[in-house]
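Visitor: These are the residues of each chain, in order.
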Amino acid sequence: MSETLFDKDFLKKLEYLELIARRLVFGRQQARRASVKKGASIEFKDFREYSPGDDPRTVDWSVYARLNELVIKLFRQEEELDLWVLLDSSGSMDFGEPGKFDSARRIAAALAYIGMVNMDSAGVVPFTTDLERGRSRLRGRGKLFGLLDFLTELKADGKTDLRASMREFVARVRRPSLVVILSDFYGLKDCQRALDQLRFFRHQIYVIQFASPWELAPPIRGEMRLIDTETSEFHDLTITDAMLRRYKRAFDGFSSDLRRYSMGHAIGYALARTDTPFHEFMLQVLQRGGLVA
Amino acid sequence: MTLLAPWALWLSAAGAAVVALYLLKIKRRREPVPALDFWRELIVQTQFRSLFQRLKRWLSLLLWLVIVTCLILAVGNPVFSFGRIKPQSIVVIVDNSASMQSVENRTEGTTRLQLVRRALDELLERRPVSDEWMLIEAGGQSRVLTAWTRNREAVRRAAESISPHFGSVDLAEAGKLAGQLLSGKPRPCIVIISDGSDGEVPKIAREDKTVVYWPIGETDDNLGITQLSVRPHREQSVHYAFISVINGSSAAVESQVVFQLDGSTTAVEPISIPAGETWEKTVVLDAPDGAVLRAWIDRPDAFSADNESYAVLDPIERVSVLLVSPADASFFFEQSLLAMESFVDADASRTMTMEDYDALGDTERQADLIIFNNGPPRDLPATGQFVFINGWPDPVPAKSLGTLQTPDLRVTQRDHPLTRHLNFSTVTLARAIHVDLASGQVVLAESSDGSPLIFLWQQPDRQALCLAFDVLESNLPFRNAFPVFLRNAVAYMMSERSAWIRPLYRVGEVIEPVRPLPSGVREVAVARLRHDDVWNGTVPVRDGSFLFQQTQQPGPFRFTIGDETAYTAVNLHDRRESRIAPDKAAEPPEKRLALSGRLFGTVPWLAFAMFAAGLIGLEWLTYHHRWTE
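So the sequences go chain by chain: A and B. Take the numbering used here: the last position of the first sequence gets the number 472, and nothing is skipped along the way. Take the numbering used here: the last position of the second sequence gets the number 630, and nothing is skipped along the way.
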């Protein structure tokens, strides 16, 4: 897998995607993003009343002279925009043909590379029940191969706890960033709470839901023992056509709920079918926009 | 319950195979899934079906075991005896008479004979396997089709070989034969499968408790010709045809009878017959040269064999008579013969003395009838019809033993055509020849001591009527009996001249000549002259006779015997067969025979087979059918 996951063809496609991204997304902004925070810069933004503890250097003395009121000048703060790719590496991602984890790793690499080149920094952090050590603050093309080696070595195993992982992420990364979550998002309620945490800390969020063709239309029927790839729990079922129809309705409903929640909370959303080549999926994402505000 | 094919129990191994297959099938296929969450939700959604889901597999197994059991029972051909049926020796008599050719409309055109086979099938299926069977075909003569057997298939095969007989059958005789064959058998039983034969079979069943009548058929819709006879009326040179039609149905019927002479319609008679009644009519037919008459009822009904009938109309010819008599003794004969102008051709007839007769050559002696009065010829011609009065030549096997004085003249055969309408009670004879007659001759009148006075001598090519007294030495010429007797003699001798066979036969009756054939004839050509089916063949002649048996269908026949031709007609003409309404059995045969019970109105094996098929369909729909969206 490691040899074929990121081959020369992948690298060529990566370069191509980076060019497309620069033209479509980063051409005018050049990695500079206006922060929503107000701070020190040369660009005036607003006034507000002085309060104890404010830097006395920001007091507008000309206003004090005219109005006898202490007000301070606010300037638009310029800050770096970081890209964080949070990669679900639980056991459920190691499923399907082509595998969800392979697709996720390719897309994670592509996103990180675009971020490394066009943004201030990029990081890839895998998570399962908590946040694991990843690669962060990557800048420049030179960091790509280290990142690829890291992703190649990564294994998908264990359970998922998106909420705990996001709680740890917001504790670790306080500065608002662009957070792209690559996961199958099983367990929607936990997933929404996790996204709420990110939103609370003003992170810009983009979720990419992975699904294999098997999950979209399971080719099974009859007497089955279904085994959970994360927990190894099993359940005996007699799969009938009617049951498969109900499963499909449930899965479509799950995906719709996730998409509806994302659209309702200014969160980017994309469904990545693992039978769609990663570069085609990336092109769709870049052309559709929303990845970068 | 008894299995007629107990070997089917070996198929129980299939049940074990089904169980084994299910045990193998119990091992579920393992399938990893990324998360069980969705499936758990589905399970919750279908929780109300969970009990069925758990039992589903075992219900399927149970279903298949029931299916296999049903199939085994179907193959095993079970009968339900409920302990009542005991093994019996059963003779089945199949009535294949003409009426069994009736078509039953309620069974889509099936003949009663075909229904007989179905009844026999049912009988074989619903009786225990230990029964012993024999099959008898009533037919023209009762015939055993299978000897005692327990092989039901052999009985069925034998039943298939039964062909229809177009005449009536003697079921009483068949019953007697069956009784003889059952003697010494435990629990004997005779089953007569029949339409009743106009009450005959129910009567047999009433009289003999071992006989069970199994009625066949329902319809009674039939008009049938029960008689068609013709006689010539020489005075008018026409034929009178008498026809009798019976309405065997339970409703009045209107139709018409068509008469055809040699294929041309000559008369149509409308008929209206109340239920169960008979219509009779005499029709005058103008066919002096003779013809084949076909009468048919212009109405289709359930039984077609009696809807047509045939008769042969002989040509009406006058005969030439040669009277050889002393001149002073011929007066009464000549006057009587001249009075029979419709029989006797006066121009062709002659009277001569014996001397003149002896002087003639053979060709000049030719006449249809030669009467020798008071003196036999020296040489009797090799062929011909003769009347000898008061003496006969040597070939006649009658010796004179002397003279009888004033004998009485008593008729011995009243029903003979020669003695018809005769009254000799006032006739007195002066004397007569005391005759010692060889056996085998037909004596028509004799004296009180048994001496033949009038007798008939018959040979293949010639026959003679002999009177052993001188007519002029009696008062016979002054009695009405004399011209009547002479007329009878001329008519009989002429009719017998070509009467090799009778003018009418019943269907199925064997045709044989009524008198010996000429010695030179080795075979007889036969032609059936039905308008729709002409058939030709030959019949060998042995010892001056032949037997023609192919009279299973009605029709006119022509027999060519040497240089002569004889016609006859074969008809059904049986009132019993034309009354096709089946007789009812006093007691249902199923009850009398204690037949096995039925399942869902059919035989058990079929019910089990249908039930198994239904279960297979149910199993498929429940477990295998993919319902489309």
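Hints were generated in silico from the structure; no laboratory data involved. Fair warning: there could be bad hints in the mix.
[Stated by the list, open to error] Pairs of lysine to aspartate or glutamate residues, derived as EDC-like cross-links and limited to a Cα-Cα distance of at most 20 angstroms, are as follows: (1) B:K57 - A:D415; (2) A:K427 - B:E32; (3) A:K338 - B:E32; (4) A:K427 - B:D38; (5) A:K427 - B:E42; (6) B:K57 - A:D420; (7) A:K338 - B:D38.
Visitor: Among the hints numbered above, which are violated by the structure, and what are their numbers in rising order?
Guide: Of the numbered hints, all hold.
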